[in-house]
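Participant: Top to bottom, those sequences are chains A, B, C and D.
Note that the first sequence covers residues 1 to 669 in our numbering.
Note that the second sequence covers residues 1 to 485 in our numbering.
Note that the third sequence covers residues 1 to 320 in our numbering.
Note that the fourth sequence covers residues 1 to 220 in our numbering.
In short, the hints are calculated from the structure, not lab data.
None of the values given here were measured: they were computed from a predicted structure.
Accuracy of the hints is not assured; some may be wrong.
[To be verified] Among the chain D residues that face chain A by a calculated CB cut under 10 Å, a handful are: (1) L139; (2) K216; (3) L217.
[Claimed, not checked] Simulated pairs of lysine-lysine, DSS-like, Cα-Cα distance not exceeding 30 Å: (4) D:K218 / A:K633; (5) B:K100 / D:K218; (6) A:K638 / D:K218; (7) A:K633 / B:K432; (8) A:K167 / D:K218; (9) D:K85 / B:K100; (10) B:K432 / D:K218; (11) D:K150 / D:K218; (12) D:K35 / D:K85; (13) B:K302 / D:K216; (14) D:K150 / D:K216.
C-beta: ideal position from N, C-alpha, C; glycine also.
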Amino acid sequence: MDAVGILPLDVLGGVILLWLVLGLFGLVLQNTPHLISSIIFPLGAIAALVVAGTGLWALGAAPSIAVLPLGLPDLPLHLRLDPLAAFFLILLGGASFGVSLFSAGYFRSMAGGMLALLCLEYHLFLASMALILVADDAYMFMVAWESMALSSYFLVTTDHAIPDIRKAGFLYLLVAHVGAISILLCFGVMQGGHGIGAYTFAAMREAHLSPFWSSIAFLLALFGFGAKAGVLPLHVWLPEAYPAAPSPVAALLSGVLLKTAIYGILRITFDLLATQLWWWGVLALALGLITAVFGVMFAAVQGDMKRLLAYSSIENAGLLLVGIGLTVIFHVYGKDALAALSLTAALYHCLNHAFFKSLLFIGTGSILHATGERNMGRLGGLIRKMPWAAALMLVGVLSISGLPPFNGFVSEWLLLQAFLLSPGLPNSYINMLIPVAAAVIALAAALAAYVMVKFYGIIFLGQHREKALEQAHDAGIWERIGLTWLAIVCVVLGLAPVFVVQHLDQVTRMLLGHGLGNAAAGWLFLAPVDIERASYSPVIFLSAVLGVMLMTALGVHRFYHGRLRRGPAWNCGFPVQNARMQDTAEGFGQPIRRIFEPFFRIESELPSAFDTHPRYHGRSDDRIWFALYLPIKSLTEKLSSRASLLQHGRIHLYLTYTFATLVVLLAFV
Amino acid sequence: MIDLQLLALLLTPLLGGGLLAVFGSRRWAAELNSLMSGFTFLASVALTMRVVEQGPQVAFNEQFFIDPFNVFLVALTAFVAFTTSLFSRPYMRVEQHHGKLSTPMLHLYYSMYQLFTFTMLLALTTNNMGIIWVAMEAATLTTVLLVSLYRTPASLEAAWKYFILCGVGIALALFGTILLYFAAERVLGQGGTALLWTHLNQVKTDLEPTVLKLAFVFLLVGYGTKIGLVPLHSWLPDAHAEGPTPVSAVLSGLLLNIALCAVMRSKVLVDGSLGNHFAGNLMMGFGLLSVVVAALFLSRQKDIKRMFAYSSIEHMGLITFAFGMGGAVATFAGMLHMTVHSLVKSAIFFAVGHAVQKSGTQQMEHIRGMLQISPTVGWGLALGTFAILGMPPFGVFASEFLIITTAMHSYPWSTPILLAALGIAFAAIFGKIQPIVFGETTARRLPHPPALIPVFVHLLLALILGLYMPPYLAGWYRQAAALLG
Amino acid sequence: MTNNASQTLGILFQLCQSLLVVALAPLLTGWVNQCRAWLQNRSGAGLLQPYRTLRKLFHKDAVLAYNASPLFRITPYILFGCMWLAAAIIPIIAIDLPFSPAADVIALVGVFALARVFISLAAMDIGTAFGSLGARREMLVSFLAEPALLMVFFTSSLISHSTQLPHIVGTFAHHEFVLYPSLAFAGLAFVIVLLAENARIPVDNPSTHLELTMIHEAMILEYSARHLALVEWASNLKLLAYISIGIALFVPYGIAEVGNWGVLPLAIAALLVKLALAGAGLALLEALLAKMRIFRAPEFLGTAFLLAVLGLLIHFLLGA
Amino acid sequence: MSIPFTTQIINLLASILLLIAFAMLSQRRILSLIKLFAWQGLALSASTFVVAYSTAQHHLYYSAALTLLLKVLILPWLLHRLIHKLNVKWDVETLINIPTTMLVGIVLVIFAFNLAAPISQLSESITRGLIGIALASVLLSLLMMITRRKAVPQVVGFLAMENGLFFAATSATHGMPLVVELGIALDVLVGTFIFGIFFFQLRETFDSLDITHMEKLKDD
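Please build the complete structure, drawing on both the sequences and the hints.
Facilitator: Listed below in structure tokens is the structure:
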């Protein structure tokens with residue numbers, strides 16, 4: 001391939017340009033919206049597929065570098081496509097392929113002008129994410145980063161007529177901006193040498209910082225990227241913004257944008273910073289655990305399906321951070337095999353989350369289309385109205401619950417293996433801490449299953465909670481294609497872990513200088529460290545279960561009979577039963593709320609036994625919002641009211657300021 | 001040759017002032033105004049070309065001096081003055097249509113506008129520290145009547161404060177100039193050359209440190225009043241909020257820059273004489289204070305023009321901070337920020353002007369849904385706001401990027417303050433502009449179509465500067481940075 | 001002997017164990033119920049009662065609610081498949097069977113989770129009050145029981161440096177006898193988990209249909225005939241699987257090895273004895289304990305979780 | 001060494017200047033305030049004249065004449081006319097009472113002198129120490145602007161400040177370049193005219209020249 005002289009980077013650049021062109025072309029087609037949805041978006045999807053292919057190609061190839069004659073003087077835009085970037089490009093391309101196809105159907109009914117703008121912003125968003133991954137200097141990175149924030153902000157506020165959505169957008173962009181500034185500061189710490197040329201990543205790699213300054217850089221990066229990933233306590237924007245955004249956008253936000261934050265942490269921690277310290281890992285680990293448990297806990301009590309998914313995204317971000325923290329710890333203590341294992345787990349989970357979360361989010365999109373309802377309390381029984389969506393989303397649900405043989409389980413398995421192999425670290429505290437961490441991970445995973453059973457059961461199963469659901473229709477053809485693609489990838493990732501892990505080795509080798517490899521010969525068994533220690537084979541597993549099922553089914557029908565009658569539900573003999581007797585979303589979450597009561601800020605009014613019109617109202621809020629953000633807000637307001645006393649309107653006072661300033665300066669020079 | 005070009009540059013606005021003083025009440029006064037500004041711009045372009053080709057120049061037996069530092073400001077000033085005149089044509093018509101302005105007022109406006117341009121260009125191009133002072137004072141005098149153009153009590157009050165405060169400030173600057181002269185004459189001897197910057201620059205190491213210290217304090221306090229550094233800023237929000245929008249645009253887009261330019265000229269001398277970071281520290285202090293206080297003020301504003309006036313204070317503070325830090329990168333960033341800030345801020349004021357005219361009030365809670373009533377104005381305002389908030393790929397981001405990273409590298413203690421201040425400022429401005437741009441509206445259409453070419457031209461330029469900087473522009477900046485140290 | 005010969009033998013073993021467990025499972029349940037009857041001074045229905053029930057159920061016509069979806073119909077098979085697999089790959093008669101590397105302990109937990117999720121979904125499918133109630137409670141119990149179980153496994157696999165059951169068992173069975181205090185804690189935790197997961201007193205009561213108490217029964221109310229039979233059989237298998245996990249982890253002695261097939265009958269006999277004892281013990285426990293309120297269950301399981309983690313920490317502390 | 005006569009005169013005039021500055025600070029009546037301003041201008045031009053004579057710089061004669069014309073004749077006359085037109089002959093109300101103001105003034109003078117001390121050491125010319133006086137009178141005028149409540153006195157204070165500056169420019173440093181002085185004079189003139197315009201505008205909007213009316217624009 002290289003003989004032809006084309007590098008992966010060239011192809012990628014072409015695709016990014018194509019995306020931009022498509023976006024602008026959308027503006028041109030303003031008056032023919034159907035063309036936008038049925039041509040532009042599919043083309044964008046194909047481009048995304050090309051991106052994924054390029055990533056796959058570049059994963060094995062040597063890093064390719066390019067310099068654009070743009071940017072600041074002395075600091076032209078540097079591009080670099082190395083395995084790490086390539087991996088995330090695969091993720092970006094693969095996920096956005098499905099999402100774009102889905103969008104082709106989803107935005108069908110949108111008004112022309114709005115759709116044109118959205119098309120532009122959408123492709124701008126994709127392009128800027130791709131640019132983030134290949135940026136090789138701080139300026140390029142920041143430009144792409146903030147462009148991503150800006151374009152996604154406009155996407156989130158697509159329905160800006162609704163005040164809540166505006167509020168969500170505001171919160172989103174504000175947190176994003178503060179995070180960006182701290183990333184900026186991080187680059188300021190890491191810059192190597194002097195002059196504007198010092199902001200290339202190459203120069204930063206050369207700059208050997210003192211432990212103190214590299215710690216500062218790491219903390220700033222953790223803050224900045226954590227804000228994007230929704231790490232506690234910077235998560236507040238996330239459950240507001242994801243539901244506000246149109247479902248495909250939410251899918252990209254959660255599926256891909258969140259990963260760019262992970263990419264940033266990895267890039268800075270392992271690539272740009274020469275040395276790591278063990279307590280970074282501990283910090284990341286602790287933060288990740290808290291975030292994971294918090295996220296899943298809140299997901300369990302949500303009534304809005306998109307909010308629920310948003311909180312589950314927070315949980316997964318936590319898990320990813322845990323993986324990274326573990327990697328840092330192992331890496332610092334020179335246990336590179338284990339570091340590779342945990343990093344592989346983290347990357348694998350990135351990939352999985354990108355796909356199943358996008359799948360679920362766009363799934364909610366089709367539900368929204370079919371019913372116009374986001375509140376799970378008004379859904380139910382949709383499996384009979386929209387079998388396609390139901391079947392495909394079941395895959396997503398099983399994957400995200402970490403059940404074998406789907407993909408979620410593989411990364412969970414790898415992560416737990418990493419925990420199990422941890423003993424033998426010189427630091428006994430960490431040795432003690434890690435099993436506890438493993439326990440917490442297990443808890444979070446189990447709770448995730450709870451959440452997902454709630455999610456799927458309330459939405460798709462049972463009886464319709466509203467009459468209107470009778471008219472619900474299944475997902476359209478484009479939407480089906482998108483859903484199917486994502487579901488298929490989920491299954492494949494679940495069944496072919498060996499193949500995936502082998503490719504991930506490129507990344508771990510680049511970052512840690514050590515690959516994981518596969519101890520077991522052949523593709524059948526995944527044995528990360530040693531066939532004696534641990535092995536897992538989803539294929540055998542699946543075939544066994546399926547085989548048994550088939551045998552039983554045949555056997556039963558062969559030896560007995562397949563007779564079947566339909567009748568009313570027995571329901572333990574209770575005569576009357578209607579849809580309102582089923583658990584609502586709140587009801588299903590109630591045990592969690594009760595067990596973890598101290599973590600919520602609960603306000604609920606229960607009807608007394610004698611109410612003639614009993615009504616129940618309950619909401620559980622995030623304590624952090626009230627404990628951290630509102631105080632900051634009020635503090636700022638207090639300060640600014642103090643400051644406004646300066647501007648008092650009296651000219652004498654103003655003259656006195658001048659006078660005082662002068663006298664003070666004169667007195668002190 | 002250079003003399004002629006300079007003459008063209010300076011005389012065009014002067015002539016324009018004269019003509020408009022005569023014909024100011026004619027129907028075509030606005031066109032004449034734009035025409036003269038256009039000529040001025042052309043002259044500035046010619047001059048710029050020449051300086052780019054042949055490097056620094058002196059003219060009129062050294063009374064004038066053009067180097068990379070002020071030549072880009074000259075070009076910028078002439079350009080923004082030109083676009084502003086284009087914008088003010090329909091804008092002022094609408095004001096007249098609304099009965100806010102009478103023909104005599106417009107008459108005054110046009111002539112003063114030209115004179116104001118003249119004073120600014122004079123202040124930029126002169127080589128004589130004394131003349132700089134004279135020009136700055138003249139700039140105050142020409143604008144003070146523009147600020148009170150509407151004759152409303154509020155505008156009068158604003159103008160009065162502007163006049164008194166800036167007058168006092170300028171007076172203090174004069175004392176600084178005198179001290180400078182006092183120090184200079186002991187080296188350069190009596191007479192005219194003792195205030196020529198070029199000469200002073202050559203002998204700056206011999207100038208008496210103690211005197212220059214005092215002189216710089218006076219100059220900083222004096223011109224700092226015009227820059228709008230906290231706590232000398234008190235006049236600025238009033239003047240910007242109450243004056244006509246074109247005036248606000250040029251005030252915050254240009255006048256502040258020029259005052260800063262004067263301060264920089266004297267900083268060079270002081271640094272040379274003291275050989276330490278005294279001047280820089282003072283400027284950093286004032287800069288940080290301005291950024292923080294302005295950010296705090298921002299979050300309480302109700303009047304849209306007032307808010308952007310405070311944002312000007314914030315950005316001027318940032319630039320002052322950058323210049324105070326010194327060093328090639330920071331100074332470069334400071335000048336870049338000067339440029340993009342004037343472009344973007346004036347663009348914002350244009351958009352704001354139209355928005356205010358459409359909704360008939362400057363109170364932000366009554367301006368809503370600009371995208372609905374006029375997408376161009378809405379997008380202009382939105383993009384301008386994002387640009388001024390330092391969102392890439394606009395140029396403001398480029399300079400803020402350099403400033404913040406350099407600060408982190410050289411003066412880490414200052415970064416938490418900057419972080420907090422920028423965050424607060426972002427929250428304040430963005431939170432107030434979002435509902436103005438989005439949502440439902442009550443605004444109405446206008447008799448005259450808005451002149452939005454200036455807005456988008458400015459934004460486009462800022463965008464280009466963020467993504468690609470022409471080599472010669474970079475060249476100036478570098479030379480200027482070397483000049484300013 | 002030659003390699004592939006041993007492989008064929010291994011597969012033979014695998015098959016015989018699979019058949020053995022699937023045949024044995026109802027018997028175990030029967031035995032437990034019988035013991036409980038005796039302990040309660042009842043005569044009991046006899047050891048073979050479960051078989052009779054299954055046979056009867058298979059003969060009946062299946063009745064399905066009008067709105068039952070395919071998910072509802074397929075679930076029993078999935079359940080049965082998962083449980084059978086689980087019971088089949090746990091090394092109870094011989095150490096390394098060909099399928100055992102396919103699922104280490106974590107995967108085993110995964111299998112149980114898969115089955116649980118499906119049965120809960122199926123329970124919610126009809127949309128009766130009982131169904132969703134049962135599903136909710138099931139998930140509630142499990143999200144505490146599952147991590148506890150994992151911790152138990154972790155303790156043993158930290159001791160044996162492996163997460164593969166055969167390997168763990170090998171470690172315990174063949175090295176000289178060592179006292180593991182950490183395992184004691186783990187064992188305690190495991191018993192609690194076993195009670196909870198198999199719908200036993202004090203967490204659940206398999207023999208009532210009171211909406212206040214029931215969990216597992218509430219979920220399968222809507223099943224009938226062959227579906228119900230499979231579900232029941234699956235839960236028998238589950239009990240068996242759990243007990244055999246306990247055996248494998250804590251009293252693996254007497255298990256056969258590859259190579260010397262002579263001891264195989266001995267191993268099977270030993271297994272039967274162990275199962276019988278375990279069953280009796282379970283019955284005794286159930287007779288002694290009292291059903292607790294549903295919201296006491298989390299505390300109960302929390303204790304299990306705590307014990308498991310404690311065992312883990314003790315392992316780190318004492319290295320044993 | 002014996003101080004030359006001219007220097008003595010200049011010093012005398014300088015001290016008169018300072019004295020008048022104090023007098024203005026303490027003056028309650030607006031008309032006499034303007035008179036004092038005129039006297040100050042006279043002292044100023046006189047000292048300029050003497051400096052011109054003693055250092056034989058001709059352009060200083062021009063500036064002396066300019067001062068006489070502007071500061072002694074035109075500006076006081078203008079202010080008189082304004083006051084008659086607007087008939088605002090009331091007493092000057094101060095924000096802070098006079099004695100306090102005086103005390104602050106004394107402190108300022110000491111401050112200014114100490115500040116100027118090192119500089120006057122440098123100057124070997126006849127006019128050492130005048131910087132201090134100039135600075136002092138500038139600060140005093142600024143103080144006066146701060147303390148006065150009406151517009152006119154504020155303007156007078158502003159002009160007095162100009163006087164101090166001018167004194168520094170001419171006497172302390174033997175005259176700035178002529179262009180500069182002309183420019184300064186021009187600005188002062190225009191400034192005064194604009195002040196005049198303002199007075200009328202203020203008068204017609206607030207029908208008084210009390211600045212305390214103008215405290216509407218603020219952040220609350």
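Participant: Now tell me, hint by hint, if it's right for this structure.
Facilitator: Status of each hint after checking the structure:
1. L139: Constraint on D:L139 satisfied, holds at 8 Å.
2. K216: It holds, given that the least Cβ distance between D:K216 and chain A is near 7 Å, below 10 Å.
3. L217: Holds: closest Cβ of chain A sits about 6 Å from D:L217, inside 10 Å.
4. D:K218 / A:K633: Since the Cα atoms of D:K218 and A:K633 sit roughly 23 Å apart, the hinted pair holds (cutoff 30 Å).
5. B:K100 / D:K218: 23 Å, holds
6. A:K638 / D:K218: This hinted pair holds, its Cα atoms lying about 17 Å apart.
7. A:K633 / B:K432: Holds. A:K633 to B:K432 sits at ~15 Å (cutoff 30 Å).
8. A:K167 / D:K218: 29 Å, holds
9. D:K85 / B:K100: Holds, at about 28 Å.
10. B:K432 / D:K218: 19 Å, holds
11. D:K150 / D:K218: Holds. D:K150 to D:K218 sits at ~20 Å (cutoff 30 Å).
12. D:K35 / D:K85: This hinted pair holds, its Cα atoms lying about 18 Å apart.
13. B:K302 / D:K216: Given pair B:K302, D:K216 holds - Cα atoms ~14 Å apart, limit 30 Å.
14. D:K150 / D:K216: At roughly 16 Å apart (the allowed maximum being 30 Å), D:K216 and D:K150 satisfy the hint.
Figure legend: structure checked against the earlier numbered hints; every hint is met.
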